[in-house]
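Undergrad: Below are the chains, spelled out letter by letter.
There are 2 protein chains.
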Amino acid sequence: MRARDLIGEYPTVRVDDPAPDAARLIGSRRLPGVVVVDEAGDPVTVLPGSQVLNFLIPAYIQADPSLARVYDERAADEAASRLEGKTVGDLLPKRGHRQELPVVDPGATILECAAVMARLHSPLLVVRGGKEPLGVVTASRLLDLLFG
Amino acid sequence: MRARDLIGEYPTVRVDDPAPDAARLIGSRRLPGVVVVDEAGDPVTVLPGSQVLNFLIPAYIQADPSLARVYDERAADEAASRLEGKTVGDLLPKRGHRQELPVVDPGATILECAAVMARLHSPLLVVRGGKEPLGVVTASRLLDLLFG
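Top to bottom, those sequences are chains A and B.
Using the working numbering, you'd call the opening residue of the first sequence number 775 and step up by one each time.
Using the working numbering, you'd call the opening residue of the second sequence number 775 and step up by one each time.
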């Protein structure tokens, strides 16, 4: 059993895709995040749902969430509008501050996959290699294999 | 719309539950993690799947995942056996090193929920308060609400 046998279908977004599309994809499919690929289709990083939320919230509310208590529905709509005209790339931390991409080649063993996810505290792992299609292995898939 | 209107059913485990049961639950339900509650049913922390994997992998493989390349299926079974006789509490980082529990009361607004998840980089948020039942809001649920 190798990484290539464990991959599941997983949606990707491109760095130049509209940011609201990525938010909608994470929301509608109830994903913890999406894999971001560059113009050539190479994976760049993982964009977690919490990072999208991060972009919606003004800094003064992030510092003191109790301030958000006084904001109503309209404020939530205004928060959503902060993504308008932005790309996925705009939501990412600057290069050098991005999370290291959890990645293995298709021949990685179960333990190798587990070790990379454990080290990077990542719920998912990108599998890429040469001409084989891109895929993702989740931590829960590995646990199901080991304990199911 | 308040936190109490957004909660979904979400499995919890107790700190004294057998660790393999938690691993099996995360695996079979394909969850990013589970909420850990104490003997009184109060939420203590979130146990992500990657933290369970972390416990399975010997330190020398975590430091150099390429070593895992040489381990076969039997090694994976041996890794799984490392949870035998352990409790969920044994898998958690020591008190003081645990992730701050992302938690709001049932009356929290959408923005308040989003702000707490954004600040703690958490894909989920525990909703608790007085006698109301415990629930969980996910980042993807919020994004679906804001962009769906």
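Don't take each hint at face value.
Which copy is meant is left open, so a pair is good if it fits within one copy or across any two.
[As the list claims (entries may be wrong)] Dumping the calculated SDA-like pairs for lysine to any residue here, alpha-carbon to alpha-carbon at most 20 angstroms:
hint	residue 1	residue 2
1	Lys-860	Val-818
2	Lys-860	Leu-799
3	Lys-868	Arg-798
4	Lys-860	Asp-795
5	Lys-868	Phe-829
6	Lys-860	Pro-880
7	Lys-860	Asp-918
8	Lys-860	Phe-921
9	Lys-868	Met-775
10	Lys-860	Gly-922
Because the hints were derived from the structure by calculation, they are not lab data.
Here the structure is a predicted model, which is why all the values come from computation and not from measurement.
Undergrad: Run every hint past the structure and note whether it holds.
TA: Hint-by-hint comparison with the structure:
1. Lys-860 to Val-818: within (18 angstroms within a copy, 37 angstroms between copies)
2. Lys-860 to Leu-799: Result: close within a single copy only, 15 angstroms intra versus 38 angstroms inter.
3. Lys-868 to Arg-798: neither (23 angstroms within a copy, 37 angstroms between copies)
4. Lys-860 to Asp-795: Answer is within; shortest intra-copy Cα gap is 10 angstroms, inter-copy 43 angstroms.
5. Lys-868 to Phe-829: within (13 angstroms within a copy, 32 angstroms between copies)
6. Lys-860 to Pro-880: neither (34 angstroms within a copy, 32 angstroms between copies)
7. Lys-860 to Asp-918: Classified as between; 18 angstroms across copies, 38 angstroms inside a copy.
8. Lys-860 to Phe-921: between (42 angstroms within a copy, 14 angstroms between copies)
9. Lys-868 to Met-775: neither (36 angstroms within a copy, 34 angstroms between copies)
10. Lys-860 to Gly-922: For Lys-860 and Gly-922, only the inter-copy Cα distance (17 angstroms) is at most 20 angstroms; the intra-copy one is 42 angstroms.
Checked against the numbered hints listed earlier, the structure breaks hints 3, 6, 9; every other hint is satisfied.
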